[in-house]
Amino acid sequence: EAQVTQNPRYLITVTGKKLTVTCSQNMNHEYMSWYRQDPGLGLRQIYYSMNVEVTDKGDVPEGYKVSRKEKRNFPLILESPSPNQTSLYFCASSRQGWAYEQYFGPGTRLTVT
Amino acid sequence: ILNVEQSPQSLHVQEGDSTNFTCSFPSSNFYALHWYRWETAKSPEALFVMTLNGDEKKKGRISATLNTKEGYSYLYIKGSQPEDSATYLCAENYGQNFVFGPGTRLSVLP
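These protein sequence lines map, in sequence, to chains R and X.
328 is the number of the first residue of the first sequence in the working numbering; add one for each residue after it.
706 is the number of the first residue of the second sequence in the working numbering; add one for each residue after it.
Chain R with its partners taken away, still in its complex shape (with noise of 0.2 Å):
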């Protein structure tokens, strides 16, 4: 079955614990990307990829990292987690990035006590 993966579902943590979210995809899509959801708030990109080794910054980067050491996964890495970071996390992939649609997945919800 096509999917996006993450893992955890959920995570309950403390400020400054460091952490990563994996994301996988078993579509061999070129793109990757996070997004971050809170209320009343649309979704926000907060890093990309086009293929393997590259990466680039959404509209919301600060405190978060990203690899993209193989076309299958992309985890994000918050270093230092801080409770303004609480927030439901997606991670997306395409075929080829702005012209083709994403794929989500099931979304990791993150809270930073």
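Calculated from the structure, these hints are not laboratory results.
All values reported here derive from a predicted model rather than from experimental measurement.
Incorrect hints may appear among the rest.
What the hints assert, rightly or not - In silico EDC-like cross-links for lysine to aspartate or glutamate, where the CA-CA straight-line distance does not exceed 20 Å:
{"#": "1", "chain 1": "X", "residue 1": "K764", "chain 2": "R", "residue 2": "E428"}
{"#": "2", "chain 1": "X", "residue 1": "K763", "chain 2": "R", "residue 2": "E357"}
{"#": "3", "chain 1": "X", "residue 1": "K762", "chain 2": "R", "residue 2": "E428"}
{"#": "4", "chain 1": "R", "residue 1": "K384", "chain 2": "R", "residue 2": "E357"}
{"#": "5", "chain 1": "X", "residue 1": "K762", "chain 2": "X", "residue 2": "D789"}
To be verified - A few chain X residues facing chain R, derived, Cβ under 7 Å:
{"#": "6", "residue": "F735"}
{"#": "7", "residue": "Y736"}
{"#": "8", "residue": "A751"}
{"#": "9", "residue": "Y781"}
{"#": "10", "residue": "N798"}
{"#": "11", "residue": "N802"}
Note that beta-carbon positions come from the ideal geometry of N, C-alpha and C, so glycine has one too.
Chain X: place on chain R using the hints.
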């Protein structure tokens, strides 16, 4: 940062009604306009990707139009059903970035 707007913020319609909502976006440096459907407790699902001025796309009872010169897109739902209840998101590309609107929440009452 681009500003993508959607209206109305929410609406309630009766089963069988037809409805439409609007996505407004900056028209300069346009690449593509996406529509997504997002049901509660699920992930957004793609409806349409439109790239050309005058584009019209249709999927079942749902259709969309695009005007890149004036910077808007309409989404139409004909004969709304309760299963159409969801938040409808539009997103504009500029380069490889996506900017989403805040969404229109549709409730279809049986």
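Now the hints, each set against the structure:
1. For the suggested pair K764(X) and E428(R), the alpha carbons sit about 14 Å apart, so the restraint of at most 20 Å is met.
2. For the suggested pair K763(X) and E357(R), the alpha carbons sit about 27 Å apart, so the restraint of at most 20 Å is broken.
3. Simply put, K762(X) and E428(R) have alpha-carbon atoms about 14 Å apart, close enough for the 20 Å limit, and the pair holds.
4. Proposed proximity of K384(R) and E357(R) is supported: the alpha carbons are some 16 Å apart, at most 20 Å.
5. In summary, the hint linking K762(X) to D789(X) is supported, as the alpha carbons are separated by about 17 Å, within the 20 Å threshold.
6. A distance limit of 7 Å between C-beta atoms decides the matter here; for F735(X) the minimum to chain R is near 10 Å, and the interface restraint is violated.
7. Taking 7 Å as the C-beta contact cut-off toward chain R, the hint placing Y736(X) at the interface holds, the least distance being around 5 Å.
8. The beta carbon of A751(X) comes within 3 Å of a beta carbon in chain R, closer than 7 Å, and the hint placing it at the interface holds.
9. Look at Y781(X): its Cβ only gets to about 19 Å from chain R, farther than 7 Å, so that hint breaks.
10. For N798(X), the interface hint holds, since its Cβ comes within 7 Å of a Cβ in chain R; the closest pair sits about 4 Å apart.
11. At a threshold of 7 Å, the smallest CB-CB gap from N802(X) to chain R is about 6 Å, leaving the interface hint in force.
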